[in-house]
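Build out the structure end to end from the sequences listed, making use of the hints.
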Amino acid sequence: MILKYNTLQIKSILLVLPSELLAEICENLSPQDLYSLSSVCKELRHFLWSDKSIITQQIWRNSRNKFYPNLKSFPLAGMSEQQYIWLTVLAKQCQFCDENNKNLLKRYWEFQIICCDKCLNKRIVSRQTLMTKYNIPEDVLSTCLNLGNRGYLLSHIKSAQIEYSKVIDKDSWVTHKQLEIIDQRCRIISILLDEFHSDYKPMTTISYYK
1 MILKYNTLQI KSILLVLPSE LLAEICENLS PQDLYSLSSV CKELRHFLWS DKSIITQQIW
61 RNSRNKFYPN LKSFPLAGMS EQQYIWLTVL AKQCQFCDEN NKNLLKRYWE FQIICCDKCL
121 NKRIVSRQTL MTKYNIPEDV LSTCLNLGNR GYLLSHIKSA QIEYSKVIDK DSWVTHKQLE
181 IIDQRCRIIS ILLDEFHSDY KPMTTISYYK
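Terminal number for the sequence shown in UniProt numbering: 210, no gaps in between.
I should point out that these hints are in silico values taken from the structure, not numbers from a laboratory. C-beta: ideal position from N, C-alpha, C; glycine also. Fair warning: there could be bad hints in the mix.
To be verified - Computed cross-link-like contacts, DSSO-like style, restricted to lysine-lysine with a CA-CA straight-line distance of at most 30 Å:
#: 1; residue 1: Lys133; residue 2: Lys92
#: 2; residue 1: Lys118; residue 2: Lys158
#: 3; residue 1: Lys158; residue 2: Lys133
#: 4; residue 1: Lys158; residue 2: Lys177
#: 5; residue 1: Lys166; residue 2: Lys122
As the list claims (entries may be wrong) - With beta-carbon atoms standing in for the labels, derived distance ranges:
#: 6; residue 1: Glu99; residue 2: Ser53; range: 31 to 39 Å
#: 7; residue 1: Lys166; residue 2: Ala77; range: 16 to 24 Å
#: 8; residue 1: Lys122; residue 2: Ser165; range: 20 to 28 Å
#: 9; residue 1: Ala77; residue 2: Ser165; range: 37 to 45 Å
#: 10; residue 1: Ser19; residue 2: Asn65; range: 14 to 22 Å
Given below as C-alpha cells:
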C-alpha cells in the first residue's frame, strides 16, 4: 500500500514538471532506471520512449555515456537510443519466446534482434532459397544485411522486395541502399569493438559477409 502510494505520488510530481526540468532529472538515471520509470504510466512512457523527441534521445544518450562509457559508438541508422541501449544492455530474453538462458541467446546486429537459435532459424532463409523459391532478384538481396551462409531475415527481404517493386528508378534505389549497407556494416564493426572492450559479456555473433 505504501509502495503504491509512493508510486502515485512520484507520478503526480513528475507529470507536472516542465519537460526540460524532467529531462534534467532523467539524465541522472541509469538506462535501467529510465526503463523502469517508463513503465510507471503511459504519459511517462510516451515521453521516455519517443523516438522523435530530441530531448528524449539526448536523455538516453547521456545516460548511456554516463553509465556505460565504453559504449561510444552511434546507434545503427534508423535505430533510436532506446532501441540501442535495450539491445545492448537491457534485453534479457529472446524477442520471440520466453527463453532467458543467456547461454542460448545471441545478439544479431545485422537484424537488430536478440534471440535464441531456434527462433532465428524459423526466420532466416538462405540466399539460394530466396532466389529459387521466392524469386527474389539479386538486386534486392544486395540491399539487405545477412549472416553469410546462414542467410537473410525473411521479413527484411519481403520489405525490401515491396519497396523495390514500387520505385521507378530501381538502379538508383539499389545503389542508395547498398551505400546504406556499407555504412551499417561499419557501424556494426564499431559496436562490436565497443562490446569487446566493455565490462559486460556480449551475446553477439560476428558475421562474415559475402
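Could you check the structure against the hints above and give me the numbers of any it violates, in ascending order? Hint check: 1, 9 fail, others pass.
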